[in-house]
Amino acid sequence: MVQYLDLRISLAIIISLILYSVVVPQLSSYDPRLWNVVPRERPPSLQYPFGTTSTGQDVFVLSAWALRNSLILGSIAAVLLVVIAFTMGSIAGGTRNTIIRGLLTYLIDSFCVIPFLPILIMIGSLWREALGTIGTALVIALLGWGGQARNVRSVIMGLRERTFTYTAIFSGYGVLKLIYRSYLPYIVRWLSIAFLFGIIFCIGLETTLSVFGITSLENPTIGTLIFWTREYQAYLRGLWWWYTFPLVLFIAFLVAMYIVVRRLIAVFIEGVR
Amino acid sequence: MVNGGPQKKRVLNLAAAPLLQNLIERLMLLIFTIWTGLTISFLVTRLSPRNPAEQVLSRIQGAGVFMRPEEIEVMRRTIMGLFGLDKPIWEQYFSFIQSVFTFRFGPSLLNFPVAANDIISIYMPWTIFLLLTATLISWIIGVVTGIVMSIREHKRGVRVLEYIFITMFPLPYVVLAIAFLIIFVGVLRVYIGVTIIPKITLSLETLWAMFSRAWLPALSIIVLSSVNWAMGSLALARTAKREPHVFYAMVRGIPTNLLLKRYIGKNVLILQITALALSLGNIFGGALVTEYIFNYPGLGTLLYQSIVTNDFNTMLGVTTYSILGVATASFMIDMIYPFIDPRVRYGGGE
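Residue numbers (this note's numbering), protein chains in the order written: chain E, 7 to 279; chain S, -18 to 331.
Facing chain S, according to a computed beta carbon distance under 7 Å, are these residues of chain E, among others:
| # | residue |
| --- | --- |
| 1 | Asp115 |
| 2 | Ser116 |
| 3 | Thr213 |
| 4 | Val217 |
Restraint-style ranges between C-beta atoms, simulated for each label pair:
| # | chain 1 | residue 1 | chain 2 | residue 2 | range |
| --- | --- | --- | --- | --- | --- |
| 5 | S | Ile317 | E | Ala136 | 40 to 46 Å |
| 6 | E | Ile105 | S | Glu72 | 29 to 35 Å |
| 7 | S | Leu185 | E | Thr104 | 55 to 61 Å |
Cross-link-like lysine to any residue pairs, in silico, SDA-like; alpha carbons within 20 Å at most:
| # | chain 1 | residue 1 | chain 2 | residue 2 |
| --- | --- | --- | --- | --- |
| 8 | S | Lys247 | S | Leu259 |
| 9 | S | Lys222 | S | Asp322 |
| 10 | S | Lys222 | E | Ile271 |
| 11 | S | Lys222 | E | Val273 |
Think of the hints as simulated: they come from the structure by calculation, not from any bench. Every residue, glycine too, gets a C-beta built ideally from N, C-alpha and C.
Same shape as in the complex, but just chain S (with noise of 0.2 Å):
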């Protein structure tokens, strides 16, 4: 994205105000984005085999109560009605695509008649607690981690721990999260906190009962996520070496601290910092594999149970408030990223 290449034809043009056309461009990615994403949830719930209000019916039923066949032919239309299931198909995409807009998702139907939307906010803090400290540890790890190694290349040890980490960096986290559980409960015996969800409050209490059900979960993203931040530090780093005025810095001999902090790190911290920003975006999906695994009550349990029970209200809730933070995260570093990186302008060639 040099300044001053050829014009090239786009689909927006507004030479005279670059900042405006990435702007404008720039939102209708994030639009299209947001919109493809909820459209693809829409649709795989809605064509699905499973029908929600049926299952309501059937609870009830089970539950030993006798009901003539015109009462639940009734109640079946009350139940539809209250899912917004009666409707045709396009009807409910509008609403659904309108209860985006206020944060409605109807009621759940796992903890019917409460809304959707309430047992989200339940489960919220948690994962927010247990992504937010585990990514900015683990990042903070992992660069500079990276970083030290890059420059300290040939020692022994440094071979070694790169070693280490290319065997971890491939495995699917799902096999490291098992064998956490594996060494921390079936072999130490380590008890891991209670499974009863305390009222959320400001007090040291809360956080007491967060961090002693978060920390080994959380230790398992921290181990694998620094290894993953620590490898793509230590390639962006040997790429910046290769830079002829980082080699011509080394080859006159500057301190090695001067070398880390001006030189290398800062080209690393750039591309990082916004890695880091996209990742933060990511916390509001939850983190489904962790929470299923060590079974902590996050948006990601709450996103599986709903899958299992065929909550599609709840699971949509869960979804579009991933698919937001994501959008919104990576729109936001694209509006950043030049104010970073004096490198990058608007505007000009691709």
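If we strip away everything but chain E, and leave its shape as in the complex, we get (with noise of 0.2 Å):
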């Protein structure tokens, strides 16, 4: 048995589909975005692997460019996430100002529990127009950042109640120091597993919006991709390939990246190993 397999496994997926997410449209003579370059509905052939599309576009290279743009509208959400969770729990679970702490718990919980997708919806579909990949992911982590925010808070409630810090203090460390060396280590493996748990929560939201049409069209995600499918009608029309290898790699995509957080956790947080 080798150990991590599945870990390993999960790795190589997320190595390639991202090698094929970058190289793959490099390698295209035309931009990916372009309609009506490749004869339509051809289904997979030894020329086109993953056949056409209704709208004339070759879907190797197209579920590789949409890939690549949900990859970065979703890491670039997450982390803008991150940081404002991060910002509001750390300065919620740290401060000793009552009045602060009182607001920003308050404010915490409200975002945890508002509906944030229909006002999401409402957001996308009346600025459409003026939001691009910056502005949506910018929208997704302005409303999703409630859950991360209380989880940040509670860690670090919890770390200013340890041992270890008592200790610290009384041997002289100042607070800067404290949070170096005693905190930062604790607290990079918890970002980076809120992080990428961010990367997937963030995909998941942008393909949502995009399958109501209310992402910008032109530059497709797997999301829009989805969403053009539906308007073509292809799973009527039995052009199966249009739908099922964008959305098999997609689903490979996040599944690998949901085990790797699931490890880290076990291996950063429970201490299992």
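Reassemble the complex: the two chains are provided individually, in unrelated frames, and hints are given to aid placement.
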């Protein structure tokens, strides 16, 4: 039995999918966003391994491009989300000022509860033209940080009460040294997990929004790809290659990411080896 | 929240009456949550570049009615007045907050001049029927599966099942719904019901009409949320198993049934019941994604249509219901929690 077999397989899947999404659009002789560059609705063949769409795009190139865009958007959104969540959560957990703590706790708790999907769809639909990739990522981060912030808050509050904090203070550590030496190693592990989880979360949200057709449809992501298959009734017309290949790649990526996250949690946080 | 810890400074200090203090603090949070949600929704509609009144006007003009410019101007003012868009923004804001208390959100644009509230009440029973059944069924299946899996952890079947769950857990719901649509409609060609909405009456016919329309979307929700509930329960049960008293019981050789019911089941149920209450509060928002994908006549579809057509009043009406539902549910959980879990007490330290 190889140790961490599932982790190895997942990492291999993630790396090869990232390579696929970066390299294939580079090798293609045309812009993957263009329509009607290849013959329409061809089933998979040697020339077009994943077939072609009703919009005249090569699915092999298109899904690489879509996966790349989804990944970029998901990562940007996840970074923003973790930054917001960490700032809010650590101030709420670390401050000694009662009023600031109370207010921030209220804010975090209400962002955990507010149903943000309707609001997200409202924003997306009303400002579709103005929101680019960065805008969509920012909106997702601005509305979705509640849950993570609550976690950060409890982590920080827990750290403050731990014995090693007192030991460090009594042995003459300053605040900065305390944070740098004692907390940072702990928090960095925690943040890396939050970031990876954030990617899964944000990619999912972006896909949901795009299936509604309310993100920018010109630059394909996995979500907009699904949107166009719905528009062209690919399910009823038997164009199975159009949606199957991108969906399988997408699902493989998300599952591999999730397995990595689970392993990291088990090793870093629960201390299982 | 263990009683007897060192008293910390709180925003409000009623050391003598911890229950009352908790109630007041929690009520403040409830109001704050509802207010934040409503304000965000309001700002989103009012800051948007689109104007619903102009749309009604252009629709009337598009019907081929000839009007002189001054007549158009009068009409524009009348319509703006009907939607309340002629007043300054803070006055609109106050009348919106007022409308939340009376549940009167003004005329709908999509079905002008019917009140938005009347339209919402047509779609509400459909959404409640779909989500109530789906949530309850998936909760029962998921929680039971999770607890049983934690006991028989080393069986091969359980391992395989867990890996199946792991592959489904990170998928966004929309992908699964699409997969359902592809399999049932695209491949199996199953008939998924009529598109007309019959009048809701208390009869078997209505129930049948609802069921024949709701089974496929409900099934898709049940599959994915059972997995969520099962994963949650499994994680909770594993934590419970590590507790010394459960470990002791296992070492003592207590029968599996008893272990399931008394030692692990109870610990998992406490937390999962509160989570169930929270997701029941979510019902009033409608299942936006499910209803959109399966074209199911519920609040989610209504919300989507109102967003696309800039029907601000209906949009705010549906969002208000969903915010009220979730906020109230989470408030009630926090209030009831100490009665379910004897370890939690009001007052004391943090």
